[in-house]
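In order, the protein sequences belong to chains S and H. For the first sequence, this note's numbering begins at 908 and goes up steadily by one. For the second sequence, this note's numbering begins at 4 and goes up steadily by one.
Simulated from the structure, these hints should not be mistaken for lab results. Because the structure is a prediction, the values reported are computed rather than measured. Every residue gets a Cβ at the ideal spot worked out from N, C-alpha and C, and that includes glycine.
Once the Cα atoms are required to be at most 25 angstroms apart in a straight line, the calculated SDA-like pairs of lysine to any residue come out as:
(1) H:K288 to S:L1024
(2) H:K299 to S:L1025
(3) S:K988 to H:R69
(4) S:K988 to H:S70
Some, not all, of what chain H presents toward chain S, calculated at C-beta under 7 angstroms:
(5) Q77
(6) T92
(7) R192
(8) S279
Single-letter residue listing:
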Amino acid sequence: MKKKNRNRSIYRGLSAEGRRRVRPPLVFSAAVAALCLLFARTPAQAQEQREAIELGLTASRFEVFFGFPALAPMPLPREGKPRDIAYLQTGAFVPASKGQVESAGAGMPLFLQGERLLAGGEPRTAENFIALAHKGGFVSLYSAQNFQLNAEIAAQASPAFVEKGFSLGGLAAEETYLFRVYDSASGLWVNPAFFLQGMEDRAAPKVEEIVLLGQNASYVADTRKNIVQNLAQGSYVLALRAVDPLYAGGSVSGIFRIKAVLNGTIVMDKKLDSALAAESGLAFLGMGAPSASLIGADGRILLGERFIPRGTHTLELWVYDYAGNAGNSVWKFSAR
Amino acid sequence: MKPRSRARSRKNRFGWAAVGFALLFIALSSQSLGQNQRIAVASDQASNESSPPRPPQDYDYAAGGRSFVIRPDQQAVSEIDAAGALLWTREFATPLTSAAVEGPLSAWGFLDGSIKIIGETGESLSDLHPAAQGIVSEYSCVYSVALARNGSGIAALYGLNPQYFVFFERQGQGYKTLFARKLEGQTRRAQMAVFSGSGSYLAGGSADGLILYDIARKRESLKLSEFFSEKTELLIEAIGGDSFAFLLANGQKRFAGLIAKGVVEAFFAVPADSSSISVAEGELKVSAKGRELRYKVERP
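Go ahead and model the full structure; you've got the sequences and the hints to work with.
Structure below.
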C-alpha cells in the first residue's frame, strides 16, 4: 500500500528526488515569510518604534540628587546677611563620556542655550543647556557651565532628529553635566535614577537628624539606646535630615523613599519618584509647592505635621535609596 | 529505497542547519526590536573621589531698571532691589526660556510653552497657554516674549512644527489671540521681541526675518528676511513712541538699524565685534570691543 503524500499541493508532480531537493528551501522560505509577517512594520511604524525606545544613560558613576536640598546663593546686600534661597533639586550629575554629552534617547532638539554672539537679551544662568523632546511627551535636559553645544545641532535650519547616543556637545574630560527628565504629558519631573544604568550603589543612606518642630519648642532626637527623651504633647512638624553617601567607586543613587513608623504603625511612606510641576513650583512627596516649603533649617526636609499624644512613643525613620539600600534611626520619647 | 549518497546527506544536514541558524537570527533580532531595551552607551571610568554637589552660580538679569537673579536650574527667579535686598522669589514648573519686563510687570516664557505674568511683588497675575488659544504646534516652547504697557498685550515666538509669532490682547481677566503668523523657518534659541514705547507697534526676531506688527491697523510685515536664519541673533530696543533700534548678528556679520512706524529707516553694517546697542539722546550707540560707536540718524 502506497503511503499518502500529505503535502499534496506543493509536491504534486514532483518525483521523490525533487521533493527532497525542494523541501529545505521551501521550509526556510516559509519560516522567513512567517516571521516577516509577524514582525512587519510600515516605515512610519518603524520610525515610531525607533523613537519609542526608552531613555537611558549608562556610565560607571552617577550622583542623583533628586529631592535633595540645594542653596542658590544670592548677591550680597549692602546691609544684612545674604539670604540664600533653598530648593529641592531634580537632576543627576552624569560624567561626560570621553568628554561628550550624549543623548539619552532619540528625539528632537527643542531648546538650545549656548554661547551668545550678542550681549544680553534673555534671562539665563551661566550654564549652557539643551532640551530634547522625545516621543510620549518626555523632555530630557542636559546642562553644564562649559557645555559646548554640538555645532551640527546648533546649525540646523530645521528641527533635526537625533538618535540615542548622539553627541549633543562637549565638556572637558572628567567633567559632569546635569541630567533632568520632564514628563510633559503628566506634568511631572521624573527622578532621573529611572533612566541611569550601570549604577552600582551599596552604601546605605543615613539618617543624620530627626527633629520635631513645635510652635513653642523643638526637639532634636537623641537616638542612643536606653535614652527616652521627654517632650510636651502637641502638634509637631516632623523634620528629617538624611544623606545617601557615595559608594566608593560607584554611584550615589539618591534617597528614594522615606518611611516613618510611629509605635509600630506606618504613618508616612512616600517616594521621591517624581515631583509635580505645579503652578507655584515643584511639589515633592505629594506635598505642596514650591519646593522651598519642604525645606527647614540646616537642610532638613519637612515631612508634615502630626499630633503627638501623651504617652511613650517609638518613632522609626527609614530611608531607602534608589538601589534599595536602607538606613534607619529609632527614637524613643515620652510625651507629657 | 536506495540509500542516500554521503554528499547528498551532508547537503541536507547543512541545509537544515542553515535554516535553523537563520530562524534563530531572525527571532533574536526581532525580539530586540519588540522589547524596550536600553542601548548601552560607552562608559567611562571616573575617579574614585567623591564629588559634592556643584555650588550653584547665579546670574543677574537686568531689564526695565529692575534686577533679577536666576536660579542655577533656571526654574526660579528672585528680584532684588538696588541695595541687593531680596524682594521676592518665585519657583516655576519648568525652566524659563524668555522674559520681558514692563514697569512693575514682568512676563516669563517657559520650556513647557506657557507664559506667566508676574506682578510687582512676585504674585502671579496671569497664566497664558498659547495651545489653549488655538495656537497648536507639535512641540510647545516659548522662544521670545514681549509685554505691552500695563500688560495690555503679550507677544511670543512659540512652538515647533510649526513655529508661530503670536500677539495676544488682554480681554478682561484673560488674553485672546489677535494675530498669529505661521513661520516657514524655526529657531530653537531664545529671541527678542519688543513693543514700541507707545504700544502701537511690535517688533520681534524669528528665523524668517524681523516681524513688524502695526497693532492699530492690524497690519504685519516681514523685513530683512535675507539676513535672518535659525542662527541669527537680534537685539531690539524701543526708542520713543513708535521706533526701534536693533543690532543683528548673522555669523560673523553685524548690522544695526532703525525702524520707525513699521518702516526700516536705516540699515548698515557695523564692526564684526559689535555686541550690544543702546539709545540715548537721539544717538544709537553700538558697543564693540574696547570702543563705542555712535550713530545719529538725520532725517531730511
